[in-house]
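> Each chain, written out:
There are 2 protein chains.
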Amino acid sequence: MSKHLTKRAEDYSKWYNELIVKADLAENSAVRGCMVIKPYGFAIWEKMQAELDRMFKETGHQNAYFPLFVPKSLFEAEEKNAEGFAKECAVVTHYRLQSDPDNEGKLRVDPAAKLEEELVVRPTSEAIIWNTYKGWIQSYRDLPLLINQWANVVRWEMRTRLFLRTAEFLWQEGHTAHATKNEALAEAKQMQEVYATFAENFMAMPVIKGAKSESERFAGADDTLTIEALMQDGKALQAGTSHFLGQNFAKAFDVKYASKEGKQEYVWATSWGVSTRLIGGLIMTHSDDAGLVLPPKLAPIQVVIVPIYKGDDQLQAIADRVDTIVKELRANGVSVKFDDRDTMRPGAKFAEYEMKGVPVRIAIGKRDLENGTAEIARRDTFEKQTVNQDDITTTVFKLLEEIQENLFTRALDYRNAHITEVNSFEEFKDVIENKGGFVSAHWDGTIETEDKIKELTKATIRCIPNDSKKEEGICVLTGSKSERRVLFAKAY
Amino acid sequence: MSKHLTKRAEDYSKWYNELIVKADLAENSAVRGCMVIKPYGFAIWEKMQAELDRMFKETGHQNAYFPLFVPKSLFEAEEKNAEGFAKECAVVTHYRLQSDPDNEGKLRVDPAAKLEEELVVRPTSEAIIWNTYKGWIQSYRDLPLLINQWANVVRWEMRTRLFLRTAEFLWQEGHTAHATKNEALAEAKQMQEVYATFAENFMAMPVIKGAKSESERFAGADDTLTIEALMQDGKALQAGTSHFLGQNFAKAFDVKYASKEGKQEYVWATSWGVSTRLIGGLIMTHSDDAGLVLPPKLAPIQVVIVPIYKGDDQLQAIADRVDTIVKELRANGVSVKFDDRDTMRPGAKFAEYEMKGVPVRIAIGKRDLENGTAEIARRDTFEKQTVNQDDITTTVFKLLEEIQENLFTRALDYRNAHITEVNSFEEFKDVIENKGGFVSAHWDGTIETEDKIKELTKATIRCIPNDSKKEEGICVLTGSKSERRVLFAKAY
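Line by line, the protein sequences give chains A and B. The first sequence: position 94 = 94 (the numbering used here), numbered continuously. The second sequence: position 173 = 173 (the numbering used here), numbered continuously.
None of these hints come from the bench; they were simulated from the model. Do not take every clue at face value.
Since the list can't tell identical chains apart, any single copy or any two copies may satisfy a pair.
Below, computed lysine-lysine pairings styled on DSBU-like, alpha-carbon distance capped at 30 Å [said to hold, decoys possible]: (1) 251 - 22; (2) 134 - 458; (3) 349 - 263; (4) 470 - 366; (5) 134 - 57; (6) 134 - 349; (7) 57 - 47.
Please take these sequences and the hints and turn them into a complete structure.
Spelled out as structure tokens, the structure:
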């Protein structure tokens, strides 16, 4: 494979796909639409998981595990949910293969091993979980029920892209049950906040919090809250959603509780999830023409040390010195790699770690040994400085913080520069086509208008921002009255 | 559900099933053979995962993620592996449901959405992984490749039991590739050691390390190493296996590497796994007629504090005192729960935590407040002591260590008392039928004898122990010559 990475300005989509492969994050597999997440990509996901898991537990949630399969009769119990996912679900129909005498003994499905009831591979787990909750919830004392699951799900998408849209993906799905509508609404809101905090503080990816329009809601939800990020090519990415499910699943699965007053009431529900799609968002928020750029808080390797040497003696001398540096950094919680491979030149190593987005690179050569110095380079700005070896830990600490902050600020500036208020459909089209980003526009609130705008511009309503103010105006397409602006964008 | 737990002596199998439900570990789901792992059970699995994951990483492995589905043509590439799993695999044949006009619009498989090639839900991932490794391995520099995956797998077993044998289960599967046979053998051995260390040091479950006989090997392996534990009812449990796969998968998927000398060589492989089955082993190693008994190192809650009070004032006074105790224990890394529920009496709480296997229980009442004391009870022996409140942390620390050790010793004594050397088939049958446990016997090394013994006694060869000595003898069934004893037992 060529070492050259297509430039973003040339072909953003090609750049994205190449970067993922060259940075060793993931690759397509032999299964249509399914990816292999390679160790380096998976290490990023593990860091995300660890942080999110901590945040979920801090907010009172516990992990559990529910079956991969959903019997068809349960799958279709909540009508809207079933309708939304039936078109793209993998279905298990048989439980055995046998050798086929008509085809050289190759394996075929054994017709005698047909399931009585087909099993849907979960595209999301509301159905199987609410069917289980029925047995867990009797009284108000059993509520709230606050559960999360880390799992794989399958949605048979026709057009897939690594991380952004894959037939199988990894995610977490929270499923909670509450005694009152307000509690459920507060939970949905809380998890939107948790996602936003995670996106901004760890991924350094600014997000807009808002609610989806009716047609963009999760199938089966009464309200879908979202965090929307902006990618470098001006397209939006839905990065996480938190749904208020009302009593839809409680009614579909007959889940009632006895209130303190002894009345039987339907339970209120939420569900919320983020997935490996976040890694796609991370890539398209920060990376550049040299490769991946990672925020230090999610970087599997935060610092790489590359020795510049001739001959084994020099390498040994450098290695001895590096040993102390590595120990000190590790003792301070920094993840460090010392790359002493003798099969590759320093320049090639530099390029490799730039491609892999390692935030800080330290190079130590013969002269550095003599002078007690090291060269430290940061990935985000390519700036270099020569520091005293005794100051390495302090400098690295400072740099990791600065890089984390710089990535966020840079992305925020870009995002803020790409929210454009428009007041006519001409402007709307112009911004969507030429500038990209979010367009803040008045909309008459009808699905028809939303559909028409999508048809004409490919832009969809990303959200009605939480902080949108009431403002009298007229719909950018129809001229009908409107009371607030919403955000449109082309989206992944 | 009745609070009464069936006694082990009455019906061990019933006791096991009841305990799992009453201790809130897991339950059967609406999907045949698949279980729901409840939060308390899942918390034990998380503790196991964390420890194992640490051990895998310490031995140089990285995590990755491979697709859930295996296309049929890949599945059948390694013949023996395919043969071994074809009989019990879930098969996806369609990717869409549609509403059925002949059945009130209920969903049915859409005949137009039939997959060109069926997808097997992974029962194990050698096939999909080795097909991927083909692209990752070119030269000796790419080796060893040391990868692990945490995943769900599906084996359509006809007779299932919670944790021990479920159609879907959670596990980890390591898949490694090596340049030489010896390296692969050493890896398989190393992982057997890791599993044994984990079982003994964390689960407090003594295991015998050995190799499987040919007929008990993993389908596609040249050698299967195992750790075998003994349950309280005298039946053995295969708790983890590590396979030397030879070049079988390398040949099936044509995975070669260029050696230093530039020759193309097939790669050598291992795979190894443990699963949620371990939780079944944990239960049947330590638990008693009062419920679950957990080793402190894997207990989600290590200490529970129960207040004994009348009225809110007393509760408040106790809670204030407990607050300090809880903080001190937590600061020392002990997981503590203060159960101040006012809906349950102390006696009922005691029973609940006994059922859930919490290692240490602290009770504090009015008199304790006056005297500055607390009552501490240990779950494994039910022993109680009254200690000064200032000594709680020290006492808890000591107790947690003692309990961990006592559980191991108790299980080891039981296990050692249940390895019986026999020299005739009469003795063999007698021990298997009446005493249980492992029978150490001479075997002529043939599959026929192994099968015959299984047919006559239901006992199988659990392993040829790593530490078995060469010893001249005659096969317990056929009288043919034998050079070493092997261990037989009835097994789960």
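> Hints first: check each against the structure and report whether it holds.
We went through each hint and held it up to the structure:
In the homo-oligomer, the alpha carbons of residue 251 and residue 22 lie at most 30 Å apart only across protomers (28 Å), although the nearest pairing inside one protomer, at 49 Å, exceeds that limit. In this assembly of identical chains, residue 134 and residue 458 lie within 30 Å of each other by CA distance neither inside one copy nor across copies; the values are 42 Å within and 41 Å between. Taking the closest pair of Cα atoms, residue 349 and residue 263 come within 30 Å of each other only across two copies (27 Å); inside a single copy the shortest separation is 68 Å, beyond that limit. Proximity of residue 470 and residue 366 under a CA criterion of 30 Å is satisfied in neither setting, with 65 Å inside one chain copy and 58 Å between copies.
For the homomeric pair residue 134 and residue 57, the shortest alpha-carbon distance inside one copy (23 Å) is at most 30 Å, but the shortest distance between copies (40 Å) is not. In this assembly of identical chains, residue 134 and residue 349 lie within 30 Å of each other by CA distance solely across copies; the values are 25 Å between and 56 Å within a copy. When the C-alpha separation of residue 57 and residue 47 is checked against a cutoff of 30 Å, the pair qualifies both within a copy, at 16 Å, and between copies, at 15 Å.
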